[in-house]
Amino acid sequence: MVKRDSLFQTRDGSSGSLPKSDPVIVRPAMKTPNLSPEKKALLKRRLGVAAQTHVQGLVIPRRPNRDSAPLSFFQRQLWLLDQMTPGNPAYNLPIGYHLKGPLDSTALENSFNEVIKRHEGLRTTFAVKDGEPLQFIHPDFKIKITITNLAHLTGEQCHNRLQALASEESVRSFDLSHLPLLRVSLFKLGEAEHVLIINLHHIVADGLSIGLLLDELDTFYRAFTRGGDPRPPELAVQYADFALCLCQPARVLAEAVGRHASRIGVAR
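Residue 1 is where the sequence shown starts when you use the working numbering, and the numbers rise one by one after that.
FYI, nobody ran anything at the bench for these hints, they're computed from the structure. Just to be clear, a hint being listed does not mean it is correct.
Unchecked claim - Calculated cross-link-like contacts (lysine to any residue; reagent style SDA-like; alpha-carbon spacing at most 25 Å):
no.: 1; residue 1: K142; residue 2: S173
no.: 2; residue 1: K117; residue 2: G131
no.: 3; residue 1: K117; residue 2: A192
no.: 4; residue 1: K142; residue 2: K188
no.: 5; residue 1: K100; residue 2: S173
no.: 6; residue 1: K117; residue 2: R231
no.: 7; residue 1: K129; residue 2: G101
no.: 8; residue 1: K188; residue 2: G101
no.: 9; residue 1: K117; residue 2: L189
no.: 10; residue 1: K100; residue 2: E193
no.: 11; residue 1: K142; residue 2: D104
no.: 12; residue 1: K129; residue 2: K144
What the hints assert, rightly or not - Cβ pair distances, simulated, as ranges:
no.: 13; residue 1: Q163; residue 2: P64; range: 13 to 23 Å
no.: 14; residue 1: A127; residue 2: A192; range: 22 to 32 Å
no.: 15; residue 1: T219; residue 2: P61; range: 37 to 47 Å
no.: 16; residue 1: E156; residue 2: C247; range: 22 to 32 Å
Where a beta carbon is used, it is the ideal one built from N, C-alpha and C, also for glycine.
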């Protein structure tokens with residue numbers, strides 16, 4: 001079994017440790033009021049209606065066009081920043097782990113590619129079409145892990161070389177119009193010791209999604225190395241579906257304003 005130790009620190013100085021379990025939301029304990037049976041029944045009915053309305057409001061349909069989608073507001077901000085300073089590494093999200101124990105690099109690469117197959121965002125590029133930036137989802141894409149052997153170096157030489165290569169990778173620019181927007185580097189320090197560097201652009205990932213990525217990566221790796229079916233159910237919603245859903249109200253409002261303006265123009 002591979003042991004994962006945090007090697008690098010995140011930008012706020014906290015440890016970039018690999019998540020060991022699903023996130024837990026802690027809520028304060030609340031004392032249930034002593035209600036009469038009639039009030040309890042009324043509360044249940046009202047909560048039921050509110051719950052149904054809330055769920056209906058959060059339904060995100062799968063987009064009909066599976067090839068492209070508009071950008072979310074957050075993606076648009078990052079895309080515009082990249083247009084102003086192309087290839088700026090300020091929005092790279094590099095993370096690194098010290099792996100101790102036997103490692104199957106083929107299983108690791110296969111695991112990454114299963115995660116990429118599962119998440120459209122990891123095989124998405126960004127370009128302008130008809131004057132509007134869009135995200136384009138590629139049906140197939142696989143990465144190749146870059147493997148560098150440092151096992152012939154010892155002590156300070158190995159450490160210095162590793163730090164130099166890791167730093168170089170962390171600031172390598174991404175071209176948002178071309179894949180990949182995820183790179184994986186593996187540095188071999190010995191037969192059972194490696195350093196794994198994962199670098200993504202912020203436009204396709206954030207802290208939470210990286211945690212989910214690592215959880216799934218671990219699940220796939222265990223399946224590939226121990227046998228069994230590594231394929232979880234297909235995701236019901238992808239990020240591009242969410243982005244399209246976010247853009248719909250603004251689009252509907254813009255169309256309504258346009259129709260109203262047209263009527264005013266005709267009236268004149």
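Now for the hints, and whether the structure bears them out:
1. Among the hinted pairs, K142 with S173 is consistent with the structure: their alpha-carbon atoms are about 19 Å apart, no more than 25 Å.
2. About 29 Å separates the Cα atoms of K117 and G131, which puts this hinted pair outside 25 Å; it is violated.
3. Taking the CA atoms of K117 and A192, the gap is about 29 Å. The hint is violated against a cut of 25 Å.
4. Taking the CA atoms of K142 and K188, the gap is about 22 Å. The hint holds against a cut of 25 Å.
5. The hinted pair formed by K100 and S173 fails the criterion: a straight-line CA distance of about 29 Å is larger than 25 Å.
6. Among the hinted pairs, K117 with R231 is consistent with the structure: their alpha-carbon atoms are about 10 Å apart, no more than 25 Å.
7. With a CA separation close to 48 Å, the supplied pair K129 and G101 exceeds the 25 Å bound.
8. As the CA atoms of K188 and G101 are separated by approximately 12 Å, the hinted pair is consistent with the 25 Å bound.
9. Distance restraint check for K117 and L189: the Cα-Cα separation of roughly 30 Å exceeds the 25 Å cut-off, and the hinted pair is therefore not satisfied.
10. A distance of roughly 5 Å separates the Cα atoms of K100 and E193; the hinted pair therefore holds under the 25 Å criterion.
11. Our distance criterion of 25 Å between C-alpha atoms is met by K142 and D104, whose separation comes to about 18 Å.
12. Restraint check for K129 and K144: the C-alpha separation of about 30 Å exceeds 25 Å, so the hint is violated.
13. In this structure the hint that Q163 and P64 lie 13 to 23 Å apart at CB is violated, the actual value being about 48 Å.
14. Distance hint for A127 and A192: a CB-CB separation of about 43 Å, inconsistent with the stated range 22 to 32 Å.
15. T219 and P61 have their C-beta atoms about 28 Å apart, which leaves the hinted 37 to 47 Å range violated.
16. At about 53 Å, the beta-carbon gap between E156 and C247 misses the expected band of 22 to 32 Å.
The structure is inconsistent with the numbered hints 2, 3, 5, 7, 9, 12, 13, 14, 15 and 16, although it conforms to all the rest.
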